[in-house]
Amino acid sequence: MLTAHEDIPPTIGIATYDLNDNLLRLHLRVALDGTLLDRLTTAGFEPATEGDHLVATAGEEGREILLVELCGGIDDAETGIRGMWTPFA
Numbered sequence: 009m010l011t012a013h014e015d016i017p018p019t020i021g022i023a024t025y026d027l028n029d030n031l032l033r034l035h036l037r038v039a040l041d042g043t044l045l046d047r048l049t050t051a052g053f054e055p056a057t058e059g060d061h062l063v064a065t066a067g068e069e070g071r072e073i074l075l076v077e078l079c080g081g082i083d084d085a086e087t088g089i090r091g092m093w094t095p096f097a
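In short: position in the sequence shown from 1, add 8, done, that's this note's numbering.
Because the hints were derived from the structure by calculation, they are not lab data. Be aware that one or more of the hints could be misleading.
Across the chosen pairs, the derived CB separations fall in these ranges [to be verified]: (1) Asn28 x Gly52: 27 to 37 Å; (2) Asp46 x Thr87: 10 to 20 Å; (3) Glu86 x Thr43: 31 to 41 Å; (4) Asn28 x Pro55: 14 to 24 Å; (5) Glu86 x Asp41: 30 to 40 Å; (6) Ile73 x His35: 11 to 21 Å; (7) Glu68 x Asn28: 27 to 37 Å; (8) Gly42 x Glu86: 26 to 36 Å; (9) Ile73 x Arg37: 28 to 38 Å; (10) Thr43 x Thr87: 15 to 25 Å; (11) Gly81 x Leu40: 17 to 27 Å.
The model shown is predicted, which means the values in this text are computed figures rather than measured ones. Virtual Cβ for every residue (Gly too), placed ideally from N, Cα, C.
Hey, can you work out the whole structure from these sequences and the hints?
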C-alpha cells in the first residue's frame with residue numbers, strides 16, 4: 009500500500025491521463041517546494057507549454073505511482089472519472 013510522505017499535503021493537485029496524447033498531467037493546487045519539484049522532474053515531468061500544469065508521457069510506472077501518492081489517484085482527462093489508474097495491490 010502506498011503511503012504519503014508526511015511533508016507533502018494530502019493532495020497537491022489533480023492528476024489526469026489523456027489516452028489521445030498518452031500524457032499524464034498534474035494540475036497543481038499548491039506551490040511546489042524544491043524537494044517536490046526535484047522529485048517530479050526526476051520522474052520526467054516538465055512544465056506544459058500552457059504553463060499551468062506539468063506533463064509527462066505515460067508508461068513509466070514510477071510516474072503513475074508518484075501521481076497517486078501526491079494526488080490520491082489519476083482521473084480520466086475526458087470524463088473526469090476518478091481512479092482510472094490504481095497501483096497494483
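Against the structure, the hints:
1. Checked against the hint of 27 to 37 Å, the pair Asn28 and Gly52 fails, with Cβ atoms roughly 19 Å apart.
2. A beta carbon spacing of about 32 Å between Asp46 and Thr87 contradicts the range 10 to 20 Å that was offered as a hint.
3. For Glu86 paired with Thr43, a C-beta distance near 32 Å keeps the hint of 31 to 41 Å intact.
4. Hint check: Asn28 to Pro55, Cβ distance near 20 Å, so the stated range 14 to 24 Å holds.
5. Hint check: Glu86 to Asp41, Cβ distance near 31 Å, so the stated range 30 to 40 Å holds.
6. Remark: the range hint 11 to 21 Å for Ile73 to His35 is upheld by a beta-carbon distance near 18 Å.
7. The hinted range of 27 to 37 Å is not satisfied by Glu68 and Asn28, whose Cβ atoms lie roughly 19 Å apart.
8. Roughly 33 Å separates the CB atoms of Gly42 and Glu86, a value that falls within the hinted 26 to 36 Å.
9. For the pair Ile73 and Arg37, the supplied restraint of 28 to 38 Å is violated, since their beta-carbon distance comes to about 20 Å.
10. With their beta carbons about 33 Å apart, Thr43 and Thr87 fall outside the hinted range of 15 to 25 Å.
11. For Gly81 and Leu40, the Cβ-Cβ distance of about 19 Å falls inside the hinted range of 17 to 27 Å, so the restraint holds.
In summary, the structure is inconsistent with hints 1, 2, 7, 9, 10 from the numbered list given earlier, while agreeing with the others.
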